[in-house]
Amino acid sequence: MEDDESEPVEMFYIALNPGVAAAAAGGSGAWAGNGLRIDSQQRFGFIECSVEFPDGRIERDVDENKPKGEPVGAPVTAATQSIASYKLRGGSGLFVIDDVSGQIETTGRLDHEKRSAYVVTVSVHDDCGASDTTDVTINVGNVNEAPTANAGDDQEDVPSESTVTLIGTSTDLDDDDATFGTPSHEFAWVQTKGPVPEDGLTNANKAKATFEAPRVSQTTDLVFELTVTDGGKLNHTDAVTVEVEPPENKPPVFDRDSYSFTTDETVA
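Quick note, the sequence shown lines up with residues 2 to 269 if you use our numbering.
No lab work stands behind these hints, which were simulated from the structure alone. All C-beta atoms, glycine included, are put in the ideal place defined by N, C-alpha and C. Worth double-checking, as some hints may not be accurate.
[Unchecked claim] Pair by pair, the computed Cβ-Cβ distance ranges are:
1. 247 <-> 115: 15 to 25 Å
2. 72 <-> 196: 53 to 63 Å
3. 122 <-> 187: 41 to 51 Å
4. 93 <-> 154: 37 to 47 Å
5. 108 <-> 86: 15 to 25 Å
6. 249 <-> 149: 19 to 29 Å
7. 66 <-> 90: 35 to 45 Å
8. 109 <-> 57: 46 to 56 Å
9. 197 <-> 108: 46 to 56 Å
10. 115 <-> 163: 19 to 29 Å
11. 174 <-> 91: 18 to 28 Å
12. 149 <-> 218: 19 to 29 Å
13. 251 <-> 112: 56 to 66 Å
[Stated by the list, open to error] As a list, the in silico DSS-like pairs of lysine-lysine whose alpha-carbon atoms are at most 30 Å apart:
14. 115 <-> 69
15. 234 <-> 194
16. 207 <-> 194
17. 115 <-> 67
18. 209 <-> 194
19. 194 <-> 115
20. 234 <-> 207
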């Protein structure tokens, strides 16, 4: 190659990989510094720009309920010998990616029950113009969540010695029947305050329990707690108060309007 004055011009070749000895590469000339090759014998040269994600399906996993900034598996990286920059699209705004490392992170808490998987598109560009894109499936793991127990509404003005029914319920955001098998919830009633009914609680391990209110001499509160435990052994407790009233104090009542009697003795 010659310039306008017909003088030889040396070519400078730039490689993106670390410099190695020319003899090891089987060529002439020398490597200067970390990738600049000076070789007047070369007649052509180029810089190869390429960046490529690995073939095949890419998946990452993260559990639900994690706080903002939770890493989603390992970084999603492309093969390149240059400086790569990453971007992410999709995912309903629930994910971001570090533009240098390719690490995907959450922007808030995820809910497996609302959505168990997302597909995002990750693109990469290197500093000499090469680019590539790939889809990444993000699987949201199901984490057991405690049920919510409800011991029912408080009961007032319950007469002494009457039958009282406790009706409990539970709610759970998890599909515990599928995860742990049936039955998914266990119920347990215990009394925590007040005089104990003579015969105790009937069906204390059921959602619906009964007892006979004790006889009291004044208004008395009885407190019962319901604990609901799911198949994953997480539980929640709620309480209900039963207000028992004493029997009504009434004057004695004759069973007849009049009575008569006789006596052999004179009444003074």
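Which of the numbered hints above does this structure break? 1, 6, 7, 8, 10, 12, 19
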